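Chemist: Chain by chain, the residues:
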Amino acid sequence: AQSVTQLGSHVSVSEGALVLLRCNYSSSVPPYLFWYVQYPNQGLQLLLKYTSAATLVKGINGFEAEFKKSETSFHLTKPSAHMSDAAEYFCAVTYSGNTPLVFGKGTRLSVIA
Amino acid sequence: NAGVMQNPRHLVRRRGQEARLRCSPMKGHSHVYWYRQLPEEGLKFMVYLQKENIIDESGMPKERFSAEFPKEGPSILRIQQVVRGDSAAYFCASSLADNSPLHFGNGTRLTVT
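Chains as they are written, first to last, in my numbering: chain A, 1 to 113; chain B, 1001 to 1113.
No wet-lab data here; the hints were simulated from the structure. Quick caveat, the model's predicted, so the values are computed rather than measured. Positions of the beta carbon are idealized from the N, C-alpha and C atoms, including for glycine. Wrong hints could be hidden among the right ones.
[To be verified] Here's a subset of chain B near chain A, in silico, CB distances under 7 angstroms, partners left out: (1) 1039; (2) 1043; (3) 1065; (4) 1091; (5) 1101; (6) 1104; (7) 1105; (8) 1107.
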């Protein structure tokens, strides 16, 4: 069975500092991995996805994530945090088109001025 | 360029009443997914439908919950005889095809009093 673990339900960084949100997955077959962002009272917006092409994936708003098979990780990073990055971030995994996305519990990112 | 449309945005029901949540997928999308979000628990998959077919309902409670995606019109998630534990945000997502990214609506927030 697939699962996703997001380490840290709440991460706080200073404006301009590095953002690192951790995600580890469990999948018995090669996964498809996603990061989504949710702003208050809104739905989820796709940040980036990994589908077995390049292991370093670039997304919107300056975010990127690196797929590391040996560590079963897909951590999300951004070199310099902006106040507008404050939101909840969800990592998700699937392994085939007919299998629904399984989401982690989310990490709330706060950005301090 | 309408995205996934969900209505109503907020729904209040008394215990024992029925709740109907509607979802119109993005234009051209024939795959619809329903997720439920509870505080601190992330998104939990409920059901995956294509036009007139339920593909995967492994996340649906066995009683009181049903979903449909008719040939014409929106997808409907129906909850009969609601209880307080049904209070949550319900999100609909649609995709163009298998392995395509999900596009989420802004959700329906159900409150059972």
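Chemist: Determine for every hint whether it applies to the structure shown.
Modeler: Okay, the hints, checked on the actual structure:
1. 1039: 10 angstroms, violated
2. 1043: 4 angstroms, holds
3. 1065: Not OK, violated: residue 1065 of chain B not within 7 angstroms of chain A, min 16 angstroms.
4. 1091: 6 angstroms, holds
5. 1101: 5 angstroms, holds
6. 1104: 3 angstroms, holds
7. 1105: Where the cut-off is 7 angstroms and the nearest Cβ of chain A is about 5 angstroms from residue 1105 of chain B, the hint holds.
8. 1107: 6 angstroms, holds
Checked against the numbered hints given earlier, this structure breaks hints 1, 3; the rest are met.
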